[in-house]
Structure formats: C-alpha cells, structure tokens
Amino acid sequence: MIREFTKGLWKENPIFVQVLGMCPTLAVTTRALFGFSMGMATLFVVVCSSVVVSSIRRFVPRQVRIPMFTIIIATFVTAADYFLKANFYQISKALGPYVPLIVVNCLILGRAEAFASKNGVGRAFMDALGMGAGFTCALVVLGSVRELLGAGSVFGYRLMRDGFTEWVVMILPAGAFLTLGLLVGLFNIINSKKRGAVRAG
Amino acid sequence: MKKLTINVSPHIVSAMDTRYMMKGVVKALIPVLMASLWFFRWQAFGVILAAVAGSVLTEYSLQKIRNRRICTGDYSALVTGLLLAMVLPPSIPLWMAFLGGVFAIGMGKEIFGGLGFNIFNPALLARAFLMSAFPIALTSWIRPVTLDAVTTATPLGLAKFNHVLTPYASLFFGNVAGSLGEGSALAILPGLVYLLYRKIIDYRIPAAYAVTVAVFSGAAYLIAPEKFMPPLFHVLAGGFLLGAVFMATDPVTSPVTKKGRWIFGIGCGLITMTIRLWGGLPEGVMYSILLMEACTPLINRIARPVRYGTGKER
Numbered sequence: 001m002i003r004e005f006t007k008g009l010w011k012e013n014p015i016f017v018q019v020l021g022m023c024p025t026l027a028v029t030t031r032a033l034f035g036f037s038m039g040m041a042t043l044f045v046v047v048c049s050s051v052v053v054s055s056i057r058r059f060v061p062r063q064v065r066i067p068m069f070t071i072i073i074a075t076f077v078t079a080a081d082y083f084l085k086a087n088f089y090q091i092s093k094a095l096g097p098y099v100p101l102i103v104v105n106c107l108i109l110g111r112a113e114a115f116a117s118k119n120g121v122g123r124a125f126m127d128a129l130g131m132g133a134g135f136t137c138a139l140v141v142l143g144s145v146r147e148l149l150g151a152g153s154v155f156g157y158r159l160m161r162d163g164f165t166e167w168v169v170m171i172l173p174a175g176a177f178l179t180l181g182l183l184v185g186l187f188n189i190i191n192s193k194k195r196g197a198v199r200a201g
Numbered sequence: 001m002k003k004l005t006i007n008v009s010p011h012i013v014s015a016m017d018t019r020y021m022m023k024g025v026v027k028a029l030i031p032v033l034m035a036s037l038w039f040f041r042w043q044a045f046g047v048i049l050a051a052v053a054g055s056v057l058t059e060y061s062l063q064k065i066r067n068r069r070i071c072t073g074d075y076s077a078l079v080t081g082l083l084l085a086m087v088l089p090p091s092i093p094l095w096m097a098f099l100g101g102v103f104a105i106g107m108g109k110e111i112f113g114g115l116g117f118n119i120f121n122p123a124l125l126a127r128a129f130l131m132s133a134f135p136i137a138l139t140s141w142i143r144p145v146t147l148d149a150v151t152t153a154t155p156l157g158l159a160k161f162n163h164v165l166t167p168y169a170s171l172f173f174g175n176v177a178g179s180l181g182e183g184s185a186l187a188i189l190p191g192l193v194y195l196l197y198r199k200i201i202d203y204r205i206p207a208a209y210a211v212t213v214a215v216f217s218g219a220a221y222l223i224a225p226e227k228f229m230p231p232l233f234h235v236l237a238g239g240f241l242l243g244a245v246f247m248a249t250d251p252v253t254s255p256v257t258k259k260g261r262w263i264f265g266i267g268c269g270l271i272t273m274t275i276r277l278w279g280g281l282p283e284g285v286m287y288s289i290l291l292m293e294a295c296t297p298l299i300n301r302i303a304r305p306v307r308y309g310t311g312k313e314r
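Going down the list, the sequences are from chains A and B. For what it's worth, the working numbering labels the leading residue of the first sequence as 1, then goes sequentially. For what it's worth, the working numbering labels the leading residue of the second sequence as 1, then goes sequentially.
Next comes chain A alone, as it looks inside the complex (with noise of 0.2 Å):
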C-alpha cells in the first residue's frame, strides 16, 4: 500500500518520468505558488476521480468506460474550479483557462485508465495520492526555480538581494522548457547513479 503511494513521488513521478499533463506544467509554473496550487486541483482531481472510478469498476461496460472516466473527472474539475473562483479569487485568475482544462490532463485519465479501474479502492486512492503528491512537487520545483531567477523571489518571499537582474526569460514558455528540460535531465542522472550503485553493491 505504501509504494503505492510513494512510486508517484520517485520512481514514477508523472512529470519526470512519465511526462504527463506538460501542458499545465509549462503553463502555471512561473510562481512557486501557482504550482502549489495547480498542483493541489489536481491532486483534489485526480483522487476523488480515482477513488469513484475504481468503486463503480464492476458496473462500467469496457465500451463506455472512456466516456464515464471523462465526466467522472469533469464532474471534479468542476468542483475545484469552482472551488477557486470562490475563495481564492485572485489564484484562478491567474491559473486563467488551466484549472477547467484539467479535465484533458492525461494524467488523470491516465490513472483512472491504467490503475483505478483495475484496482480495489484502497489502492486506487493512495496511487492518486501519490501521483497527485508527485505531481505537486514537481510544479512547486520547477515554479520555486522559474520565480527565484525570473522574479527574486520563492513564493513571494524575496531571497536575492537588490540590485538582482531578473531573467525575463525565465518567466517566459523558453524558460519552462529550459528549467523543464534540465530538471528531468538531473531526475536521470541521478537515478542512473543510483541504479549504477545499485548494479555495483
């Protein structure tokens, strides 16, 4: 039950590894914080949407299965937009067309796919958590380091001194492609690393 949840972090984080739902991960992640928070939609998503495709998993025809995952999800999305635009007005609009569009995040119709509708509930629940968990982070990551070189600052908290050059483009789509694409160069490194240690102990 554990590694269930855990391979969602590491070894199967979606981003990382498995290079899901790169649309929002490029698009929300120029503040740490709007990769929390992208990051908990979908977590909140991508769970409830889990838990309900694995408990109604003996009932759904194989045919229809792909139409229920869908509305199952958008039932959600709907839920946690909403949910934004009440209480945290100024983050959806910042998140602007993303949070609705969680709908087409293969990751969640990923998961419901390949592990919620195969598994029993239990499990199903602590993959998303997982996956969900994973996910956030690796937004967090990759926001906290788009905003520290293109603004100064991690979570609007400023760390560098004041004469800092912001590098515009960091905050510009260049920039999530380059931080994007040396993260998961990093994330390989060092899991070849460990697989080298591994191989050699």
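Keep in mind the hints are simulated off the structure, nothing from the lab. One or more hints might be untrue.
Stated by the list, open to error - Simulated crosslink set (SDA-like; lysine to any residue; CA at most 20 Å straight-line):
hint: 1; chain 1: B; residue 1: LYS64; chain 2: A; residue 2: GLY185
hint: 2; chain 1: A; residue 1: LYS193; chain 2: B; residue 2: ASN67
hint: 3; chain 1: B; residue 1: LYS64; chain 2: A; residue 2: LEU186
hint: 4; chain 1: A; residue 1: LYS93; chain 2: A; residue 2: PHE44
hint: 5; chain 1: B; residue 1: LYS64; chain 2: A; residue 2: VAL51
hint: 6; chain 1: A; residue 1: LYS11; chain 2: A; residue 2: LYS193
hint: 7; chain 1: B; residue 1: LYS23; chain 2: B; residue 2: ASN67
hint: 8; chain 1: A; residue 1: LYS193; chain 2: B; residue 2: ILE65
hint: 9; chain 1: B; residue 1: LYS259; chain 2: B; residue 2: ARG301
hint: 10; chain 1: A; residue 1: LYS194; chain 2: B; residue 2: ARG66
hint: 11; chain 1: A; residue 1: LYS194; chain 2: B; residue 2: LYS259
hint: 12; chain 1: A; residue 1: LYS193; chain 2: B; residue 2: GLN63
hint: 13; chain 1: B; residue 1: LYS64; chain 2: A; residue 2: SER192
hint: 14; chain 1: A; residue 1: LYS11; chain 2: A; residue 2: GLY185
For chain A, the structure is supplied; the task is to place chain B on it using the hints.
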C-alpha cells in the same frame, strides 16, 4: 591486440581538422577584435575576456565532470567565446557576458554531445538567450570611441524608428553604435577573404545571403524610397556582414550540399529582410540564422545530390 575503431565520415585524412579550422577562424577574427578594441576600448576588452572565460571554463569543467576527452585544445570554445563577444553590446554587464559563454557551451553545445552535434550556432543561441533574459541590457548601445554614457541607437534602429540614414563611410569603418564586432565592414572583409582563401568556409552561403539581402532591399527601395533604405545600407549596417561571414557559415549547423547552401543563404536573407523591413525589431540577422539552422536537416534532405547515373537522362 588490434582494435577496430569505428569513425563517422569523412574518412579522408587531411590537414584540415577542427583545430586547423578554428585557428583559421581566430586569425580571421583578429581584425574584428582589433576594431572592437579600438572603438570600445576597455569595455570591449572586458566583454571579450568574460565571454571567452565563460565558454572555455564551461567546456573544460563539463568535459572533466563527464569524464570525456578534454577538447579545449581545439580552440572551438575559444571561437565560440570570441564570436559571442562580437555580437554583444559593449555596455553589457560582464557577468551577463560570462553567463552567455556558459550558456553557449553548456546548453548550446555540450548538452547535445559536444562539437559536431549541436543544432544551433552556440554563440548565436547564447545571444538569443541573453536577449530574452535581459532585453534591456541587450538593446542599450553606447557611442564608439568617446564611450559616452549616453545611450544611442544603432544605424538600423535609427533607420527604422527615426528614418535617419547613417553615412556610408561611418558604416564602412565602423564608427557607429552597435555590437562589438558588427560595426566595421573594413575589419570583417579581410577575414572573409582569408577564410575563403584557406577554404575554411564556402562562398555559397555568404554569397546567397548577400545577394538576397541586396535584391530584397533594392526592390523595397525602388517601390517605396521614402519609406525604406537603399540596399547598400542594408548590406553594411547591423550584423549582416558578421553573421554572413562568421555565423551562417558554421560548418556544423549549415547544410552540407552545394544546393543546400544556396537555399540556406537565400532563406537567411529573406528572413533577415522581412524582420528588418516589417518586424518589431530593427535587426533580424540573429533570428534568421537560428531559424534557418533549425531547417538545416530538412534542407539537407531536400538538397541531396543526385547519384551518378541515376539522374534524369539528358
């Protein structure tokens, strides 16, 4: 035991190796470097030093970390650093020039697997990065020689936004505001002759590029002389000469066939002039070369030479 070594083509062994070519480019750059030092004095010296240090140190340390053969001896990182310095404005903070060198080698070359595997010219890529990271620093210019702190505009900027034609003599000698190495046609032309004479570059890309720029701007000038500048201005002003001689001819990122090189040069010319005449920026040489480099694999595919005996019958 004999070892079977497998190499990529070309298999002909000649004196023309990377080191020889890069040394040639450095020699060809000498007049340009002198001109930049003459016009921008200590500012130029600092920028050149910072860019070269950034690129050479990055290459050395990355190859060291990755346990690869250290290739700093082939001068390619030195050339990248020098070329980068030549396309930077003289007033740029030195740490930005250094960062540009790091980016050129790290993200422009080594990440692809080192020299020969890069898609883009590292120096231009670094300039594009700096341009989008620090747009203000990369578009502030100072007057040459006097080094007034007063910022001024480049000839292309003056032409585009104020419709002022800079005298040809200033453009030719380089007594204009601009990047370190782009001002002086007089300093670039000996390099061109030398590179062509030593067969380090092919005449086709610069020729196609120059003809396209001249024809395009000539046509625009004939149609609307009150709006556009004459062709000679477009050839002399801005980074065209420097780009056509030292950047567009990069052996790694330009097409390999003769036909491909014509296409490459013409494409560079068309994009440059489109940006210069109708784009938001006054200058388009950097983006035109980068865009055409992105097309190089396609051009190589289109412009494949016909195999002997398989072509159309005469």
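Verification of the hints:
A threshold of 20 Å between alpha carbons decides the hint, and for LYS64(B) with GLY185(A) the separation of about 18 Å falls inside it, so the pair holds. Between LYS193(A) and ASN67(B) the alpha-carbon distance is near 14 Å, which keeps this suggested pair within the 20 Å criterion. The suggested pairing of LYS64(B) with LEU186(A) holds, with an alpha-carbon distance near 17 Å, which does not exceed 20 Å. The straight-line distance between the Cα atoms of LYS93(A) and PHE44(A) is roughly 19 Å, inside the 20 Å bound, and the hint therefore holds.
Of the pairs offered as hints, the one joining LYS64(B) and VAL51(A) is violated, with about 50 Å between alpha carbons and a cut-off of 20 Å exceeded. Simply put, LYS11(A) and LYS193(A) have alpha-carbon atoms about 14 Å apart, close enough for the 20 Å limit, and the pair holds. With a C-alpha separation of about 25 Å, the suggested pair LYS23(B) and ASN67(B) falls outside the 20 Å cut-off, and the hint is violated. A distance of roughly 14 Å separates the Cα atoms of LYS193(A) and ILE65(B); the hinted pair therefore holds under the 20 Å criterion.
For the hint linking LYS259(B) to ARG301(B), the alpha-carbon distance of about 11 Å falls within 20 Å, and the restraint holds. Of the supplied pair hints, the one linking LYS194(A) and ARG66(B) holds, its CA atoms being roughly 16 Å apart against a limit of 20 Å. Between the alpha carbons of LYS194(A) and LYS259(B) the distance comes to roughly 49 Å, so the proposed pair goes past 20 Å and is violated. Straight-line distance between C-alpha atoms of LYS193(A) and GLN63(B) comes to about 18 Å, which keeps the hinted pair within the 20 Å bound.
For the proposed pair LYS64(B) and SER192(A), the alpha carbon gap of about 18 Å is at most 20 Å, so the pair holds. For a cut-off of 20 Å, the pair hint linking LYS11(A) to GLY185(A) stands: about 15 Å separates their Cα positions.
Of the numbered hints given earlier, the model fails hints 5, 7 and 11; all others are met.
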